[in-house]
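S.K.: Guided by the hints, dock chain B onto chain A, whose structure is given.
Protein chains: 2
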Amino acid sequence: MAKSHNKVEKLNQKAPLIPLTTLCQTGSTPRIVIIGAGFAGLRTVRKLAKAKAEILLIDRNNYHTFIPLLYQVATGFVTPETIAYPVRKYLRSLPNTYFIRAEVLGIDFVAKTIKTENKRIIYDYLVLATGSQAQFLGVDGAPQYSLSMRTLDDAVRLRDRIIGNFERASICLNWERREQLLTFTIVGGGATGVELAGALIELIEGTLAKDYPAIDPKQVKVILIHSGKRLLADFPPHLSEYTARQLRRRGVKIHFQTRVSWVMPGAIELDDGTIIETEAIIWTAGVEANIPQPNDELPTAKKDKVCVHSTLQLLNYPEVYAVGDVAYVKQNGEPLLGIAPEALQQGTTVARNLQRQLQGLPPQPFDYFNKGTAAIIVRNAGVAYLFGKIPLKGFFAWLLWLGIHLYYLPGLANRLTVLGSWIRDYLTKERAIRQFLAIYSSRSKS
Amino acid sequence: MAKSHNKVEKLNQKAPLIPLTTLCQTGSTPRIVIIGAGFAGLRTVRKLAKAKAEILLIDRNNYHTFIPLLYQVATGFVTPETIAYPVRKYLRSLPNTYFIRAEVLGIDFVAKTIKTENKRIIYDYLVLATGSQAQFLGVDGAPQYSLSMRTLDDAVRLRDRIIGNFERASICLNWERREQLLTFTIVGGGATGVELAGALIELIEGTLAKDYPAIDPKQVKVILIHSGKRLLADFPPHLSEYTARQLRRRGVKIHFQTRVSWVMPGAIELDDGTIIETEAIIWTAGVEANIPQPNDELPTAKKDKVCVHSTLQLLNYPEVYAVGDVAYVKQNGEPLLGIAPEALQQGTTVARNLQRQLQGLPPQPFDYFNKGTAAIIVRNAGVAYLFGKIPLKGFFAWLLWLGIHLYYLPGLANRLTVLGSWIRDYLTKERAIRQFLAIYSSRSKS
Chain A
1 MAKSHNKVEK LNQKAPLIPL TTLCQTGSTP RIVIIGAGFA GLRTVRKLAK AKAEILLIDR
61 NNYHTFIPLL YQVATGFVTP ETIAYPVRKY LRSLPNTYFI RAEVLGIDFV AKTIKTENKR
121 IIYDYLVLAT GSQAQFLGVD GAPQYSLSMR TLDDAVRLRD RIIGNFERAS ICLNWERREQ
181 LLTFTIVGGG ATGVELAGAL IELIEGTLAK DYPAIDPKQV KVILIHSGKR LLADFPPHLS
241 EYTARQLRRR GVKIHFQTRV SWVMPGAIEL DDGTIIETEA IIWTAGVEAN IPQPNDELPT
301 AKKDKVCVHS TLQLLNYPEV YAVGDVAYVK QNGEPLLGIA PEALQQGTTV ARNLQRQLQG
361 LPPQPFDYFN KGTAAIIVRN AGVAYLFGKI PLKGFFAWLL WLGIHLYYLP GLANRLTVLG
421 SWIRDYLTKE RAIRQFLAIY SSRSKS
Chain B
1 MAKSHNKVEK LNQKAPLIPL TTLCQTGSTP RIVIIGAGFA GLRTVRKLAK AKAEILLIDR
61 NNYHTFIPLL YQVATGFVTP ETIAYPVRKY LRSLPNTYFI RAEVLGIDFV AKTIKTENKR
121 IIYDYLVLAT GSQAQFLGVD GAPQYSLSMR TLDDAVRLRD RIIGNFERAS ICLNWERREQ
181 LLTFTIVGGG ATGVELAGAL IELIEGTLAK DYPAIDPKQV KVILIHSGKR LLADFPPHLS
241 EYTARQLRRR GVKIHFQTRV SWVMPGAIEL DDGTIIETEA IIWTAGVEAN IPQPNDELPT
301 AKKDKVCVHS TLQLLNYPEV YAVGDVAYVK QNGEPLLGIA PEALQQGTTV ARNLQRQLQG
361 LPPQPFDYFN KGTAAIIVRN AGVAYLFGKI PLKGFFAWLL WLGIHLYYLP GLANRLTVLG
421 SWIRDYLTKE RAIRQFLAIY SSRSKS
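Chains A and B, in that order, are what the protein sequence lines are. Everything in the first sequence is counted per my numbering, starting at 1 for the first residue and increasing by one. Everything in the second sequence is counted per my numbering, starting at 1 for the first residue and increasing by one.
Bound-form chain A, shown alone (with noise of 0.2 Å):
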């Protein structure tokens, strides 16, 4: 036991900035935690670097999913290294900050305790950046035979999807199966569901049509469904308009004011009882927090996200600190969006009421400053709002779409890769990556 106990300590004077041993407790230091790296969490971490307080970070990976280009990923523009950045690098000029991987399983707001998987950690103070989930509407089958595009792994998931399907109806003399295989339905029009669909329709033009002389293009489908009346309803009318001929002049067909009421393997069927036969159905449809389960019911909002002040702390517990999407915050009587400036803000809203917290001062409210919103839909034609009120469509905003996402993507090197992936795939019309690596196929299978 004393020799056990002398190499702990040993391992903490190696290694003073984990004292693993004393998570479970707290020291003089107070400590903050911050569970997700994602675009709050991060911006958190990085704007309290000068706080006086023993910051650590959790996450379930030990990368940054740069989530805007999941998509890319799916259809084979950039690899899915490019876009996760290694948090410990990230961490690296923090002095303060330390990171472990972990799934959060719960969290006791009363006894300010976190449970992981093999640790109790105690906080004093606590940001919850654990993002978002896919919500699947209460769709019978859409979580098992639906295919979602929040993480990493449904990206590559479902870029082997495609390259399979493609190389699974190659070889098949069955021509209703190869329909079914070649026909790829996205369920929702929000930004993820056009970027997609625009994506993956030219993925095909460019690059599989070229692969598989064998599959004739004109039973490829690439099917939009949408339950509202216009896609992309955060945008103005005229760009909705605009974005919808883009992809169906593309041949993207797109069923508006419909829902799916039925996802089965191998199909789907529409709420007018439609069954469209496909062998990739991916679902965007909606987000919901993605909240560990606490011990305590937490009051929520729509897609159940938490209730905040306008501080960002939640109601009950002012150590608390809710952000991106998992809180549930209006602005001028709107809730926000959902996407990655919000986060970033109050990610920095939270770093500076935390130290306002520690020097004894009051919290001050979250004040979002709308920069706008952007989305891509195919080559050469992107749509943006800018400020709230300067609508922008086409080459213009296509580019400047490219120029955020390459300015806010983390990493040098990974901005001049994807940058080059960009470049090559504008030259050459045809994308880097389609080789079937099969990897999550054969998981999903076992």
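Derived from the structure by calculation, the hints contain no laboratory data. Since we're looking at a predicted model, the values are computed, not measured. Hints may contain errors.
[Unchecked claim] Derived DSS-like pairs: lysine-lysine, alpha-carbon spacing no greater than 25 Å straight-line: (1) Lys330/A x Lys371/A; (2) Lys47/B x Lys253/B; (3) Lys221/B x Lys89/A; (4) Lys302/B x Lys330/B; (5) Lys119/A x Lys89/A; (6) Lys210/A x Lys50/B; (7) Lys221/B x Lys429/B; (8) Lys119/A x Lys210/B; (9) Lys229/A x Lys210/A; (10) Lys89/B x Lys218/A; (11) Lys50/A x Lys210/B; (12) Lys210/B x Lys52/A; (13) Lys47/B x Lys210/A; (14) Lys429/A x Lys47/A; (15) Lys89/A x Lys429/B; (16) Lys389/A x Lys229/A; (17) Lys47/A x Lys218/A; (18) Lys429/A x Lys221/A; (19) Lys47/B x Lys371/B; (20) Lys210/A x Lys89/B; (21) Lys218/A x Lys253/A; (22) Lys210/A x Lys52/B; (23) Lys89/A x Lys210/B; (24) Lys218/B x Lys210/A; (25) Lys47/A x Lys52/B; (26) Lys89/B x Lys429/A; (27) Lys218/B x Lys89/A; (28) Lys221/A x Lys89/B.
[As the list claims (entries may be wrong)] Interface residues of chain B toward chain A, partial, derived using beta-carbon atoms under 8 Å: (29) Tyr63; (30) Thr79; (31) Lys89; (32) Arg92; (33) Glu167; (34) Glu241; (35) Arg424.
We treat Cβ as the ideally placed atom computed from N, Cα and C, and that holds for glycine.
M.R.: Leaving out everything else, chain B in the frame of chain A:
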């Protein structure tokens, strides 16, 4: 029935390149089937571009794996996609060639038939280019509990094991368990073992030591176990000594004349009875030919390689060729080493011999022109043995290795990406890829 027949006809009409319906019969044009899209298989296909024959390439993957860089995928230099070239892209410029992704289950050399999961394929000529697989030399537990390094899957699985072990160790309070997680054992002192040992120790020193401040670098061990008296037995003895010196200087522990007698989960036993607690056992100790189960026992030599005539034809089947790691070929009384240049040159010979056979001419013997062989050890240190007589070591051998591999890597974009990664790594001493994707870990668990 009539309807479905119509559809098949329509299918063939639209896609004359892929006579799927006629795979189980022969037509007027002779059909050459090549199994395996490795170095030998792809070279054969390319050199047959002008043959008056129908060329069918079969591989279980839709990409060519550039095996010499697998160790760089495993140690985070480059992404897996960079060294996996899409076969269909390679074949685009070859009008007489088509490709089927399938696992070959068996070959009937008498009936000239190949059996895959869902097709029966008749050939007139056959090229066996199926490469090699790990040979575990009858060591108990080695197939189950060690990682091999023959496929892209293997390389990513190993990368995830390395990063995953660091993640686990960083939150582990048990000192012995930490040491076990941080002990990496490589079995085999050939080129793969040496290159992996060097790249791994550099990954640890340059990147992981910085990323995991909680881990004492002294606890991390890279052990190389070699049954022979010297590493890289195919090189002159003084280069072997140089190699061992370079690796030892960096901290690799080398056990010479030592065999592994037993592999357990988390530990190995050596033939002298020593137990090494190690949570990563990488098996590079041997390969054997990887031949789809034939119905006829083929005469084989060492490492299960198939005996062939000097023309690379099978002893009893003049219409079947074996190339690369599948064939047992001697040059000047010595068996070939099983390296890429041999496979490439054999591919050229086989393509020429097939064309001679098609013209009614007798095939000609294979004559290997030994340009030499090279291995990389660590940064700025390599060994090369040119033309079987000129030994080279140090910086120039290292540079030569990089140049050769960059030159042979298929795809301009891949070459640029790899060159970029190398330059980045050389300047920053930091590997780009250390995300723990955990794909393979979850898969092997299930």
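S.K.: Now look at each hint and say whether the structure bears it out.
M.R.: Right, here's what the structure says about each hint:
1. A threshold of 25 Å between alpha carbons decides the hint, and for lysine 330/A with lysine 371/A the separation of about 16 Å falls inside it, so the pair holds.
2. Simply put, lysine 47/B and lysine 253/B have alpha-carbon atoms about 45 Å apart, too far for the 25 Å limit, and the pair is violated.
3. Using a Cα cut-off of 25 Å, the hinted pair lysine 221/B and lysine 89/A holds, with the two alpha carbons roughly 23 Å apart.
4. Between the alpha carbons of lysine 302/B and lysine 330/B the distance comes to roughly 12 Å, so the proposed pair stays at or under 25 Å and holds.
5. For the given pair, lysine 119/A sits about 23 Å from lysine 89/A by alpha-carbon distance, which is consistent with the 25 Å threshold.
6. Distance restraint check for lysine 210/A and lysine 50/B: the Cα-Cα separation of roughly 21 Å lies within the 25 Å cut-off, and the hinted pair is therefore satisfied.
7. For the proposed pair lysine 221/B and lysine 429/B, the alpha carbon gap of about 19 Å is at most 25 Å, so the pair holds.
8. A C-alpha spacing of about 24 Å is found between lysine 119/A and lysine 210/B, which places the hinted pair at or below 25 Å, so the restraint holds.
9. Among the hinted pairs, lysine 229/A with lysine 210/A is inconsistent with the structure: their alpha-carbon atoms are about 35 Å apart, more than 25 Å.
10. In summary, the hint linking lysine 89/B to lysine 218/A is supported, as the alpha carbons are separated by about 21 Å, within the 25 Å threshold.
11. For the hint linking lysine 50/A to lysine 210/B, the alpha-carbon distance of about 21 Å falls within 25 Å, and the restraint holds.
12. A hinted pair counts as satisfied when its Cα atoms are at most 25 Å apart, and lysine 210/B with lysine 52/A qualifies at roughly 23 Å.
13. In summary, the hint linking lysine 47/B to lysine 210/A is supported, as the alpha carbons are separated by about 22 Å, within the 25 Å threshold.
14. Distance restraint check for lysine 429/A and lysine 47/A: the Cα-Cα separation of roughly 41 Å exceeds the 25 Å cut-off, and the hinted pair is therefore not satisfied.
15. The hinted pair formed by lysine 89/A and lysine 429/B meets the criterion: a straight-line CA distance of about 13 Å does not exceed 25 Å.
16. With a C-alpha separation of about 21 Å, the suggested pair lysine 389/A and lysine 229/A falls inside the 25 Å cut-off, and the hint holds.
17. For the proposed pair lysine 47/A and lysine 218/A, the alpha carbon gap of about 52 Å is over 25 Å, so the pair is violated.
18. Between lysine 429/A and lysine 221/A the CA atoms are separated by roughly 19 Å; this keeps the pair inside 25 Å, and the hint holds.
19. Taken as a hint, the lysine 47/B and lysine 371/B pair is honoured in the structure, with Cα atoms around 20 Å apart against an allowance of 25 Å.
20. In summary, the hint linking lysine 210/A to lysine 89/B is supported, as the alpha carbons are separated by about 8 Å, within the 25 Å threshold.
21. Restraint check for lysine 218/A and lysine 253/A: satisfied, since their Cα atoms lie roughly 13 Å apart, inside the 25 Å limit.
22. Using a Cα cut-off of 25 Å, the hinted pair lysine 210/A and lysine 52/B holds, with the two alpha carbons roughly 23 Å apart.
23. Using a Cα cut-off of 25 Å, the hinted pair lysine 89/A and lysine 210/B holds, with the two alpha carbons roughly 8 Å apart.
24. This hinted pair does not check out: lysine 218/B and lysine 210/A have alpha carbons roughly 53 Å apart, beyond 25 Å.
25. A distance of roughly 68 Å separates the Cα atoms of lysine 47/A and lysine 52/B; the hinted pair therefore is violated under the 25 Å criterion.
26. Only pairs whose Cα atoms come within 25 Å are accepted, and lysine 89/B paired with lysine 429/A is accepted, the gap being roughly 13 Å.
27. Among the hinted pairs, lysine 218/B with lysine 89/A is consistent with the structure: their alpha-carbon atoms are about 21 Å apart, no more than 25 Å.
28. Taking the CA atoms of lysine 221/A and lysine 89/B, the gap is near 23 Å; set against the 25 Å cutoff, the hint holds.
29. The beta carbon of tyrosine 63/B is positioned within 8 Å of a beta carbon in chain A (closest approach about 4 Å), and the interface hint is therefore held.
30. A cut of 8 Å between beta carbons decides the hint on threonine 79/B: the least distance to chain A is about 4 Å, and the hint holds.
31. The closest approach between the C-beta of lysine 89/B and any C-beta of chain A is roughly 7 Å, which is under the 8 Å cut-off, so the hint is satisfied.
32. For arginine 92/B, the suggested interface contact is upheld, since its CB lies about 6 Å from the closest CB of chain A, less than 8 Å.
33. Because the closest C-beta pair between glutamate 167/B and chain A is about 5 Å apart, less than 8 Å, the hint holds.
34. The restraint placing glutamate 241/B at the interface with chain A is violated, with a minimum CB-CB distance near 35 Å, outside the 8 Å limit.
35. Among the interface hints, the one on arginine 424/B holds; its C-beta lies about 6 Å from the nearest C-beta in chain A, closer than the 8 Å criterion.
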